[in-house]
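In the order they appear, the protein sequences are chains B and Z.
Sequential numbering of the first sequence, starting at 26, is according to my numbering.
Sequential numbering of the second sequence, starting at 398, is according to my numbering.
Certain hints may be false.
Cross-link-like lysine-lysine pairs, in silico, DSS-like; alpha carbons within 25 Å at most [stated by the list, open to error]:
no.	chain 1	residue 1	chain 2	residue 2
1	Z	Lys430	B	Lys53
2	Z	Lys698	B	Lys89
3	Z	Lys482	B	Lys138
4	B	Lys323	Z	Lys698
5	B	Lys362	B	Lys323
6	B	Lys53	B	Lys89
7	B	Lys323	B	Lys392
8	B	Lys138	B	Lys53
9	B	Lys116	Z	Lys698
10	Z	Lys430	B	Lys138
11	B	Lys387	B	Lys362
12	B	Lys89	B	Lys114
13	B	Lys240	B	Lys53
14	B	Lys362	B	Lys392
15	B	Lys53	B	Lys116
16	B	Lys242	B	Lys89
17	B	Lys345	B	Lys89
18	Z	Lys430	B	Lys116
19	B	Lys362	B	Lys82
20	B	Lys137	Z	Lys430
21	Z	Lys614	Z	Lys588
22	Z	Lys430	B	Lys82
23	Z	Lys482	B	Lys114
24	Z	Lys424	B	Lys114
25	B	Lys387	B	Lys137
26	Z	Lys430	B	Lys114
27	B	Lys53	Z	Lys614
28	B	Lys82	B	Lys242
29	B	Lys137	Z	Lys482
30	B	Lys320	Z	Lys424
31	B	Lys53	B	Lys82
32	B	Lys387	B	Lys240
33	B	Lys137	Z	Lys698
34	B	Lys185	B	Lys242
35	B	Lys138	Z	Lys593
36	B	Lys320	B	Lys82
37	B	Lys116	Z	Lys424
Quick partial rundown of chain Z residues pointing at chain B, CB under 10 Å, derived from the structure [to be verified]:
no.	residue
38	Ala533
39	Ser709
40	Ile711
The set of hints was computed from the structure by calculation and includes no laboratory data.
The beta carbon of each residue, even a glycine, is placed where N, CA and C say it ideally should be.
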Amino acid sequence: MKRTLGLLLLVLVLTLAPQVGYADEVIKIGVFEPMTGANAAGGEMTVEGIELALEIKGEVLGRKVEIIVVDNKSDKVESANAVSRLIEKDKVVAIIGSYGSSLSMAAGDIVKKAEVPAVGCSPTNPLVTLNNDYYFRVCFIDPFQGTVMARYAVNELGAKTAAVIQDVTQDYSVGLSKYFIDAFRELTGDKNSIVELSSYNTGDQDFTAQLTNVKNKKPDIIFAPGNYGESALLIRQARDLGIDVPFLGGDTWEAPEFLSIGGDAVEGAVFSTHFTAEAPVTSESGVFLAAYRNKFGKEANAFAALGYDAYMLILDVMEKAGSADSQAIRDGLAEVKGFVGATGVINLDENGDAVKSAVINKVDGGKFIYLTTVEPD
Amino acid sequence: MKIKEKSSVTLLILLALTIVGLFLANKFLDSYKIRIITLSGIYITLGLSMNLINGFTGMFSLGHAGFMAIGAYTVGILTMPIPMKEMNFFMQPIAPFLANVEWGFLPALLAAGIIAGLAGFVIGAPVLRLTDDYLAIATLGFAEIIRVVFTNTQSLTNGALGLKGIPNYTNIWWSWGIAFVTIWFMTVLMKGSYGKAFLAIREDEVAARSMGINLFKHKVMSFSFGSFFAGVAGGLLAALLGTIDPNMFRISLTFNILLIVVLGGLGNIVGTAVSALVVTIMMEALRFLDESINLGFIQLKGIPGMRMVVFSVILIAVVLIRREGALRKAKRV
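Input sequences plus hints: build the corresponding full structure.
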């Protein structure tokens with residue numbers, strides 16, 4: 026008995042010893058993402074990108090990097106708890122996350138108080154970084170995306186009138202619609218160029234009421250940002266009703282489900298997104314795409330690319346600052362200029378928002394086809 | 398008489414010990430642990446308020462998230478600094494009568510409770526004619542209606558964008574202070590004639606009515622009190638997080654509280670309080686189940702959501718084996 030115990034003890038010591046040896050050398054970066062709940066799919070894609078980045082570049086300043094992923098259950102209260110835990114228990118120096126603007130906002134006050142910088146991957150609501158010196162993001166925000174689509178509609182499609190159908194329960198949909206409307210009115214110089222603004226709720230299945238209204242107004246294009254599921258259904262029903270004008274949307278449409286639910290109906294749908302696998306925007310895109318294909322055996326998506334960029338950006342800032350101290354990282358992030366990421370060249374403005382190009386994709390032959398890249402002003 | 402004195406002395410000692418414990422926790426623990434303890438206080442209030450409606454009066458109501466939403470938005474809008482309001486409402490300006498309002502925390506919390514309580518009264522009056530499943534569906538519908546209304550009233554609530562920058566007033570003392578007030582209120586209420594009437598209604602409505610208990614009055618009263626405390630707790634939660642949005646107040650929030658009430662035992666004040674504390678702490682403590690576990694010789698990859706399975710198992714076990722709740726004596730109150 027004693028010998029077995031002794032042996033066990035020896036094994037324990039041996040397995041624990043190396044870990045203890047370099048424990049204080051490791052740089053810890055916290056990740057809080059929705060791994061369960063309503064936003065789980067988005068969170069999972071983002072974490073894939075971050076894990077890939079860790080594999081490619083697992084060391085900085087001669088120290089190993091460790092990522093600690095915690096689940097925020099797509100829940101605001103849990104999100105705040107998760108971030109608090111990363112800071113206090115795991116003592117991370119920087120934080121990445123989260124998919125979903127409201128989940129990121131729940132973390133805002135905590136990172137600000139603890140003075141630990143956070144980099145969001147895909148929260149596009151302007152409120153996330155507003156009035157918070159410790160929150161940054163590598164994606165563009167709703168105002169830019171809405172403006173881009175309005176410009177595309179007016180300049181490329183020659184649209185004079187538009188109808189907007191928004192998902193009133195989703196912050197990004199409401200935000201995108203608002204900025205699309207503002208920009209469209211300005212570009213056309215016509216206050217009445219938005220002929221209809223309709224709303225629906227997440228989970229709705231029947232959009233005929235909204236679409237019949239829209240049909241009567243005869244718009245040149247329809248802007249309908251929303252979740253891929255509802256949007257695909259909406260477009261199908263529009264085609265069934267005989268509405269044949271182009272549909273425009275936002276980055277959430279970039280999902281295989283959008284194609285499978287929409288089928289033939291979504292052919293020709295155009296949307297703005299962060300990234301395309303087809304036309305690498307930078308040299309880093311090529312590296313990322315190849316590595317992603319290699320590891321996961323499928324084409325990369327925008328959320329993985331943004332997760333990858335958030336991680337790489339933090340490491341780059343650490344390298345430049347020559348320090349893994351939270352405050353140094355924050356100061357470095359505030360001055361990011363011309364960082365070459367997989368999703369484009371990233372500059373962070375005074376709010377901590379990324380100023381970068383947007384990609385416009387089109388559905389063609391059951392695939393997402395790259396159309397053009399729109400540079401920021 | 399002697400027994401009564403003895404039990405109140407024990408209660409006082411328990412109270413003093415808890416306060417000392419909270420004081421020590423506040424002083425020596427890190428902000429993560431303090432946050433969890435603060436959250437537990439809020440869940441105690443929530444659990445007890447739901448217990449009053451579901452446990453004591455026997456009305457199966459699922460509208461709690463709705464009342465919390467009312468309380469949270471009341472506190473959020475009333476306490477938010479004026480410049481922050483302008484920043485938040487960038488889509489559509491805030492309604493003029495709210496634009497220049499900035500209240501202290503206590504009046505805002507009271508307002509949250511009163512408005513939620515009034516909503517409870519208004520909803521309760523027609524809906525409480527229903528019983529059992531029908532009541533559950535009606536109250537569930539009500540909570541959803543509140544959420545949809547808040548999503549669509551852009552100039553009042555900022556719609557789906559939510560509110561950000563609500564001052565973080567909630568600390569360990571606010572949340573536990575309110576929790577103690579709630580425990581005290583529930584104890585006094587249940588000892589008095591109203592409490593006895595609630596229990597009578599739960600046991601047998603016909604018998605209670607034939608004994609001269611005004612069913613309608615007592616049901617509405619229980620429902621409004623429950624809503625009041627749900628509103629206050631919602632306000633505390635808003636000030637703890639500093640940000641709220643309508644999607645927070647989904648049915649899953651109600652189920653979280655229901656889990657606490659069922660585990661603690663329907664109609665058990667102490668049980669509910671303890672179960673609120675335990676569930677909140679366990680929800681965080683069990684996070685290691687989500688992570689990958691290194692046993693030295695084998696690396697088990699973590700499955701996100703494993704910790705939720707534990708709660709499901711406990712819930713099933715309690716419902717099957719100890720329906721009176723994990724902490725409850727076999728005798729009913």
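* Asked: Looking back at the numbered hints, which does the structure fail to meet, lowest number first?
  -> 5, 11, 13, 14, 16, 22, 23, 25, 27, 28, 30, 33, 35, 38, 39 and 40
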